[in-house]
Amino acid sequence: MSEIKKFLYVNRKAPYGTIYALESLEVVLIGAAFEQDVSLAFLDDGVFQLTKGQNTDGIGIKNFSPTFRALGDFEVTKLFVEKESLEERGLTADDLQEIVYEDEDDDWEEKPSIKLVSRAEMADVMADQDVVLSF
Amino acid sequence: MSTLHTVNKSPFSTQSLLSCLNHCKDGDAVLMIEDGVYGALANSGMSDQVKAKAGNVSIYVMTPDADARGLANDKLLGEVSGVDYAGFVNLVTKHDRTQNWL
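Chains as they are written, first to last, in the numbering used here: chain G, 116 to 250; chain H, 86 to 187.
If you are wondering where the hints come from, they were derived from the structure by calculation, not from laboratory data. Since we're looking at a predicted model, the values are computed, not measured. It is possible that some hints are incorrect.
[To be verified] Derived BS3-like pairs (lysine-lysine); straight-line CA-CA distance at most 27 Å:
#	chain 1	residue 1	chain 2	residue 2
1	G	Lys177	G	Lys193
2	G	Lys198	H	Lys138
3	H	Lys136	H	Lys179
4	H	Lys94	G	Lys198
5	G	Lys120	G	Lys193
6	H	Lys94	H	Lys160
7	G	Lys121	G	Lys230
8	G	Lys177	G	Lys167
9	G	Lys120	G	Lys167
10	G	Lys193	G	Lys226
11	G	Lys226	G	Lys167
12	G	Lys198	G	Lys226
13	H	Lys179	G	Lys120
14	G	Lys198	H	Lys110
15	H	Lys179	H	Lys110
16	H	Lys136	G	Lys198
17	G	Lys226	G	Lys121
18	G	Lys193	H	Lys110
19	G	Lys177	G	Lys120
20	H	Lys138	H	Lys179
21	H	Lys110	G	Lys121
22	H	Lys160	G	Lys121
23	H	Lys94	H	Lys138
24	G	Lys230	G	Lys198
25	H	Lys138	H	Lys160
26	H	Lys110	H	Lys136
27	H	Lys110	G	Lys230
28	H	Lys94	H	Lys110
29	G	Lys120	H	Lys110
[Stated by the list, open to error] Label-pair restraints from in silico Cβ distances:
#	chain 1	residue 1	chain 2	residue 2	range
30	H	Ser98	G	Gly173	43 to 53 Å
31	G	Ser117	H	Lys179	20 to 30 Å
32	G	Asp172	H	Lys179	43 to 53 Å
33	H	Ala153	G	Asp245	44 to 54 Å
34	G	Asp239	H	Ala171	44 to 54 Å
35	H	Ala157	G	Gly175	44 to 54 Å
36	H	Tyr170	G	Val142	47 to 57 Å
37	G	Asp221	H	Pro149	51 to 61 Å
38	G	Gly175	H	Ser98	21 to 31 Å
39	G	Asp172	H	Asp181	37 to 47 Å
40	G	Asp188	H	Gly140	39 to 49 Å
Glycine residues also receive a C-beta, built at the ideal position from the N, C-alpha and C atoms.
Build out the structure end to end from the sequences listed, making use of the hints.
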């Protein structure tokens, strides 16, 4: 078996104005099959991807926000969200969907996947990767 | 361990350069390519932020992209070094990872 690498998917775009956000999620799901150490980063307008209450009925585009809640089943359990990006947009953690995973090392206890980090901590997360894929 | 960051959008139309500079670590490099080269302009609204980082982070501009846009050397910040395509490849090999700020 090949060596496990650390992959970071960086999300910096809002969900429906461009195709970047949906494409990122598709690549994450495909990539999950390769059993690497996967993290997702949400900063700048990327934090809008995780907000509650999205309803795309009126714009003819699939609402893909519920798909983030399925990531835990693919062992994608680290979603880093930048606090400064939330604050700049008048958002708090309460405006985001609840996303959880079941921790197999802890009797399948449900734990939050979203981890709020400062800008400096986000820079540390980025510097700690083998591969960074940007969307 | 260090990162090469590339920026390919004008800092006057997106926050990509600003966000890149805000997430750089000492020893990293930033390479401005395509419309990103406008970030290397002297006397612009972004100049101070680029200059402030230039001590700890190496800043490069893709010379063919700057030339194409009529940005002669005397219009660019002195803190910014020009590279050609071979120089781009050297930067990629010199750093542990490349991160593109789209």
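The hints, checked one at a time:
The hinted pair formed by lysine 177 of chain G and lysine 193 of chain G meets the criterion: a straight-line CA distance of about 24 Å does not exceed 27 Å. Pair hint lysine 198 of chain G plus lysine 138 of chain H holds up; C-alpha atoms about 22 Å apart against a cutoff of 27 Å. Under the criterion of a C-alpha separation no larger than 27 Å, the hint pairing lysine 136 of chain H with lysine 179 of chain H is consistent with the structure, at around 23 Å. As the CA atoms of lysine 94 of chain H and lysine 198 of chain G are separated by approximately 24 Å, the hinted pair is consistent with the 27 Å bound.
With a CA separation close to 15 Å, the supplied pair lysine 120 of chain G and lysine 193 of chain G stays within the 27 Å bound. Taking the CA atoms of lysine 94 of chain H and lysine 160 of chain H, the gap is near 18 Å; set against the 27 Å cutoff, the hint holds. Note on lysine 121 of chain G and lysine 230 of chain G: the hinted pairing holds, with a Cα-Cα distance of about 17 Å set against a maximum of 27 Å. This hinted pair checks out: lysine 177 of chain G and lysine 167 of chain G have alpha carbons roughly 15 Å apart, not beyond 27 Å.
Between lysine 120 of chain G and lysine 167 of chain G the alpha-carbon distance is near 32 Å, which puts this suggested pair outside the 27 Å criterion. With a C-alpha separation of about 11 Å, the suggested pair lysine 193 of chain G and lysine 226 of chain G falls inside the 27 Å cut-off, and the hint holds. For a cut-off of 27 Å, the pair hint linking lysine 226 of chain G to lysine 167 of chain G stands: about 18 Å separates their Cα positions. Simply put, lysine 198 of chain G and lysine 226 of chain G have alpha-carbon atoms about 20 Å apart, close enough for the 27 Å limit, and the pair holds.
The suggested pairing of lysine 179 of chain H with lysine 120 of chain G holds, with an alpha-carbon distance near 19 Å, which does not exceed 27 Å. The hinted pair formed by lysine 198 of chain G and lysine 110 of chain H meets the criterion: a straight-line CA distance of about 19 Å does not exceed 27 Å. Our distance criterion of 27 Å between C-alpha atoms is met by lysine 179 of chain H and lysine 110 of chain H, whose separation comes to about 15 Å. With a C-alpha separation of about 26 Å, the suggested pair lysine 136 of chain H and lysine 198 of chain G falls inside the 27 Å cut-off, and the hint holds.
A distance of roughly 21 Å separates the Cα atoms of lysine 226 of chain G and lysine 121 of chain G; the hinted pair therefore holds under the 27 Å criterion. Note on lysine 193 of chain G and lysine 110 of chain H: the hinted pairing holds, with a Cα-Cα distance of about 22 Å set against a maximum of 27 Å. For the hint linking lysine 177 of chain G to lysine 120 of chain G, the alpha-carbon distance of about 32 Å lies beyond 27 Å, and the restraint is violated. Restraint check for lysine 138 of chain H and lysine 179 of chain H: the C-alpha separation of about 20 Å stays at or below 27 Å, so the hint holds.
Of the supplied pair hints, the one linking lysine 110 of chain H and lysine 121 of chain G holds, its CA atoms being roughly 19 Å apart against a limit of 27 Å. Proximity of lysine 160 of chain H to lysine 121 of chain G is assessed by CA-CA distance (about 40 Å); at most 27 Å being required, the pair is judged violated. Of the pairs offered as hints, the one joining lysine 94 of chain H and lysine 138 of chain H holds, with about 18 Å between alpha carbons and a cut-off of 27 Å not exceeded. Distance check on the hinted pair: lysine 230 of chain G and lysine 198 of chain G sit about 10 Å apart at the alpha-carbon level, within 27 Å; holds.
Between lysine 138 of chain H and lysine 160 of chain H, the direct Cα distance comes to roughly 19 Å. Compliance with the 27 Å bound is thereby established for this hinted pair. For the given pair, lysine 110 of chain H sits about 15 Å from lysine 136 of chain H by alpha-carbon distance, which is consistent with the 27 Å threshold. Our distance criterion of 27 Å between C-alpha atoms is met by lysine 110 of chain H and lysine 230 of chain G, whose separation comes to about 21 Å. A C-alpha spacing of about 21 Å is found between lysine 94 of chain H and lysine 110 of chain H, which places the hinted pair at or below 27 Å, so the restraint holds.
At most 27 Å may separate the alpha-carbon atoms for a hinted pair to count; lysine 120 of chain G and lysine 110 of chain H meet this at roughly 21 Å. For serine 98 of chain H and glycine 173 of chain G, the Cβ-Cβ distance of about 28 Å falls outside the hinted range of 43 to 53 Å, so the restraint is violated. Roughly 25 Å separates the CB atoms of serine 117 of chain G and lysine 179 of chain H, a value that falls within the hinted 20 to 30 Å. Checked against the hint of 43 to 53 Å, the C-beta distance between aspartate 172 of chain G and lysine 179 of chain H comes to roughly 50 Å, which is consistent with it.
Between alanine 153 of chain H and aspartate 245 of chain G the beta carbon distance is about 34 Å. The supplied range of 44 to 54 Å is therefore violated. For the pair aspartate 239 of chain G and alanine 171 of chain H, the beta carbons lie near 32 Å from each other, so the given range of 44 to 54 Å is not met. In this structure, alanine 157 of chain H and glycine 175 of chain G meet the distance hint of 44 to 54 Å, their C-beta atoms being roughly 48 Å apart. Distance hint check: the CB atoms of tyrosine 170 of chain H and valine 142 of chain G are about 27 Å apart, inconsistent with the given range 47 to 57 Å.
One distance hint, 51 to 61 Å for the beta-carbon pair aspartate 221 of chain G and proline 149 of chain H, holds here, with the actual separation near 54 Å. Our hint of 21 to 31 Å for glycine 175 of chain G and serine 98 of chain H holds, since their Cβ atoms are close to 27 Å apart. Look at aspartate 172 of chain G against aspartate 181 of chain H: about 45 Å separates their beta carbons, and that is inside 37 to 47 Å. Between aspartate 188 of chain G and glycine 140 of chain H the CB atoms are about 46 Å apart, so this pair conforms to the stated range of 39 to 49 Å.
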